[in-house]
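Student: Just so you know, the protein sequences line up as chains Y and F, in that order.
Under numbering that gives the first Met the number 0, the residue at position 110 of the first sequence is numbered 109, and the numbers go up by one with no gaps.
Under numbering that gives the first Met the number 0, the residue at position 404 of the second sequence is numbered 403, and the numbers go up by one with no gaps.
Treat the hints with caution; some may be incorrect.
[Stated by the list, open to error] Going by beta-carbon spacing under 10 angstroms, a handful of chain F positions derived as facing chain Y: (1) E128; (2) L132; (3) E182; (4) E192; (5) L379; (6) P381; (7) L461; (8) P464.
These aren't lab readings, by the way, just hints derived from the structure by calculation.
Fair warning: this is a prediction, and the values are worked out from it, not measured in the lab.
The C-beta atom is built at its ideal place from N, Cα and C for all residues, glycine as well.
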Amino acid sequence: MSPDFLIALTMLTNFTLVATSRVNKAIQLVVVQGILLGLIPIAMGLGRHLHILFMALSAIAVKGWLIPFLFRRALREVHIRREVDPYVGYTMSLLLCALGTGLSLVLAHGLPLKPGTSPTFLVPAALATLFTGFLLLVSRRKALTQVAGYLVLENGIYLFGLLLVEEMPILVETGILLDLFVGVFVMGIVINHIRSAFDSTDTRHLAELKD
Amino acid sequence: MARLLLSPLLLIFLPLLAAAVAWFIRSPRIRVRLLPAMGLLHLLLLIIEVRGWRDLPHGAWLGLDALGGWVLLVISTLFTIVALYAPSYLALRPDRDHRLFTACLLAFLGLASLLAQSRHPGMAWVAIETMTLTTAPLIYFNRNRRSIEATWKYLVIGSVGIALALLGTLFVAYAAHMGGVEEPLQYTRLMAEAGRLSRPWLRAGFVLTMVGYGTKMGLAPLHSWKPDAYGETPGIVGALLAGGVTSCAFLALLRIYAIVAAAGEGVFAREILVGFGLLSMVWALVFMVGQVDFKRLLAYSSVEHMGILVFGIGLGGLAARFALFHLAANALVKSVLFLSAGNIHRSYASKQLPHVTGAIRRTPVSAGLFFLAFLAITGLPPFAPFVSEFNIASSALTTGHVFAGAAFLVLLGGIFLTMSDTVMQVVFGVPSPQRVRTPYKDSFATTAPLILALALALGLGLWLPGPMRSMLEGAAQTVEGHAPAVREVRPLFGQAPALVPAAVSAQEVRP
C-alpha cells in the first residue's frame with residue numbers, strides 16, 4: 000500500500016467520524032484511524048530503521064489495543080445512552096469538516112516543504128485531522144466522544160510528526176505516546192467519577208461553574 | 000564529576016521517589032511530614048546546585064541554565080512554603096484520604112525540576128503534559144460535583160492546549176530540519192543556529208506554542224478552566240497552580256520565544272506577546288467587576304498577572320528582566336493570597352460574599368494577611384510586585400510604547416479598584432448575622448508559612464541580592480536570544496564572571 004492511499008483513508012475516517020451517531024462506532028473509527036497512522040511509516044519504507052519500526056508498532060499497540068480496551072471498559076461501566084448527542088447536526092458537521100479540510104489545503108500551501116519530501120499530502124492531512132478533532136471536541140456532548148475528539152486531534156499531530164520521524168529522538172517519541180495513553184487513562188477515571196456524581200456522562204451537567 | 004552528574008538527577012528523582020514512598024506510607028501523620036521535608040531538601044539541593052559554575056556540554060539533555068535555575072528557584076521556594084502549610088491544612092480535613100494528593104504534590108515538584116533542566120523542547124513538552132495529568136487529581140480533592148466539573152475542564156482544555164504546543168514544537172523542529180540543523184535539537188543548538196531556521200515554520204510554530212502554553216498559563220481568552228479550577232480546589236493547590244504550574248508553562252514558552260528572538264523574528268513575536276498581555280488584563284478586569292466569590296477573584300488576578308508577565312517579555316529589554324522578577328513576586332504573593340483565602344474559607348465554610356464579611360474579626364491574622372497580600376499584588380510600594388510593575392510601566396513609557404504603557408497603568412488602577420471592592424467587604428465588612436460556626440481558628444501552623452512568604456516578597460522588593468541579580472540578568476539575556484545558554488549555572492554566591500567564550504571559561508573551571 001502506498002502512503003498516499005493510507006493518508007487518503009485517514010482523511011476519509013475523519014468524514015465518517017463526524018457523521019457517526021453511535022458512540023461505539025465513533026470509538027471503532029478512532030481505533031481504525033490510529034492503526035492506519037501506525038502503518039504509514041512502514042508504508043513509507045521506513046521500517047528498515049529499527050527504532051521507527053518499534054515506534055510504529057507501539058503506536059499501533061497503544062492506539063489499536065490499549066486505548067480501545069480502556070474505552071470499552073468505560074462504555075461497559077458507564078451504561079450510557081449510545082448516541083453521541085451532537086450540539087451541531089450531522090450534515091452541518093460534515094460541511095464544517097469539508098470546510099476545514101479545504102482550509103487546511105490552503106494553509107498548507109503557505110508552508111514550504113523541504114525539497115524531496117515524499118508524501119506531500121502529509122501537512123494538509125495533518126491539519127485537517129486536527130481540525131476534525133477540534134470539531135468533535137466542541138460539538139459533542141458525551142464525555143467519551145470528547146475523549147475521542149482529543150485522540151483524533153493527537154492523530155493529526157502524529158501525522159505531522161511523520162515528517163520528522165527520522166529525526167525525532169526515541170526518548171521524546173516514547174514520552175509522547177506514554178502521555179497520550181496515561182491521559183486517556185486519567186480521563187477515563189474522571190468520566191467514571193462524572194457518571195457516579197451525575198448518573199450520566201453528558202457534559203451538559205458540567206455547567207454549574209460560571210460567572 | 001560525580002556531583003556534576005548526580006545532582007540534576009537528584010532534583011528530579013528525589014521528589015518522584017518521595018511521591019512513591021508517600022503512596023505506600025500508611026500513617027497519614029507521617030505521610031504529610033514528607034512534604035515539608037522534601038520541600039526543604041529540594042530547596043537546599045537546588046541552592047547548592049546553582050552555586051556551581053561550569054560549561055554546559057553542547058549535547059547535554061539535562062542542565063540548569065540561568066533561566067531554568069531562576070524559575071526552579073521560584074517554584075522550589077513556593078513549594079516549600081506550601082509544604083510547610085500543608086500538614087496543618089490536611090489535619091483540618093481528617094475525613095479526606097490524602098494519599099494520592101500527597102503523592103501528586105511531590106510528583107509535581109519532580110516534574111518541575113525535569114522541565115527546568117530539560118534542554119530539549121520535546122522533553123520539556125513531556126514534562127508539562129505529565130504535570131497536567133498529575134495535577135488533575137489535586138483539583139478533585141473535594142470530591143463533589145463542582146470539583147469534578149473543574150477537573151474535567153482542566154483536563155480537557157489543558158490537554159488540547161498542550162497538544163497544540165506539541166504541534167508548535169514540531170513546527171519549530173521542522174523549521175530546523177529545513178534549515179539543515181543537525182539533530183538532536185537541544186535549545187543550545189537551536190539558538191546558536193537560529194539564523195538557519197525556516198521562517199514561515201518558525202513563525203507558525205511560535206503562534207501554536209503561544210496558544211498552547213498560553214492555555215496552560217491561563218492567558219485570556221484561553222483561561223476558561225482557570226476560575227473553575229482555582230475556585231474549587233483547596234488553597235494549597237490554588238497557590239501551587241497559580242505560582243508553579245503557570246510558571247512552568249511560561250518557562251516552556253520563553254524557551255521557544257528565545258529561539259524566535261535569536262532568529263531575529265523577535266518583533267513579530269513581541270507584538271503577539273504584548274497583545275495577549277493587554278487582552279488578559281482587560282479580560283481579568285471585566286470579570287473582576289462584581290465578583291462575589293473571592294477564590295474566583297484570585298483566579299482572575301492570576302489571569303491578570305500572567306498577562307503582565309507576557310506583556311513585560313513582549314516589551315523586551317529592562318521590562319523583560321522585570322517580567323522575570325515578577326514571576327517570583329507573583330508566586331510569593333499569590334501563595335499568601337490563596338492560603339489565607341483558604342483559611343477564611345475554612346472559617347466561614349463559604350467563599351462567597353454575602354456569607355463572608357468582616358473576616359478581620361473572626362480570623363484576624365489570615366484576614367490581615369489577605370488584605371496585605373492584596374495590597375502587595377496590586378502594587379503597594381515596598382513589596383516586590385510594585386518593583387516589577389513600576390519598572391515594566393516606566394520602561395514601556397521610556398522606550399516609546401506610550402500607548403501600551405498608558406493602557407497598562409490604567410488597567411492596573413482599574414484592577415486595584417475593582418478588586419478592592421470585594422476584598423474590603425470580605426475583610427472589613429459588617430459581619431452578617433446568619434453565619435455558620437466552624438471550629439477553625441488561626442494558629443501558628445496555618446499562618447506562619449504565609450508570614451514567611453509575605454516577608455520574602457517584602458525583602459525582594461527592598462533588596463535583590465547580587466548573585467540573584469546576576470542570575471536574573473543571565474536569564475533575561477537567554478530569553479532575549481542573546482546568550483545561547485551555553486553556561487549552565489550562574490553562581491548564586493561569589494563573583495559572576497562576565498560573558499566569556501565557552502572555551503575560555505572551560506579552562507577556568509577545570510581543576
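Student: Would you mind marking each hint as holding or not holding in the structure?
Tutor: Cross-check of the supplied hints:
Interface hint status for E128 (chain F): upheld, as the beta-carbon distance to the closest one in chain Y is roughly 4 angstroms, under 10 angstroms. Checking L132 (chain F) against chain Y by beta carbon gives a least distance of about 5 angstroms; that is within 10 angstroms, so the hint holds. The interface hint given for E182 (chain F) holds, since its Cβ lies 5 angstroms from the closest Cβ of chain Y, which is under the 10 angstroms cut-off. Evaluation of the E192 (chain F) hint against chain Y yields a violated restraint, the C-beta minimum of about 14 angstroms exceeding 10 angstroms.
Checking L379 (chain F) against chain Y by beta carbon gives a least distance of about 27 angstroms; that is not within 10 angstroms, so the hint is violated. For the restraint placing P381 (chain F) at the interface with chain Y, the shortest Cβ-Cβ distance is roughly 33 angstroms, beyond the 10 angstroms limit, so the hint is violated. A least Cβ separation of about 37 angstroms between L461 (chain F) and chain Y goes past the 10 angstroms threshold, and the interface hint is therefore violated. For P464 (chain F), the interface hint is violated, since its Cβ never comes within 10 angstroms of a Cβ in chain Y; the closest pair sits about 37 angstroms apart.
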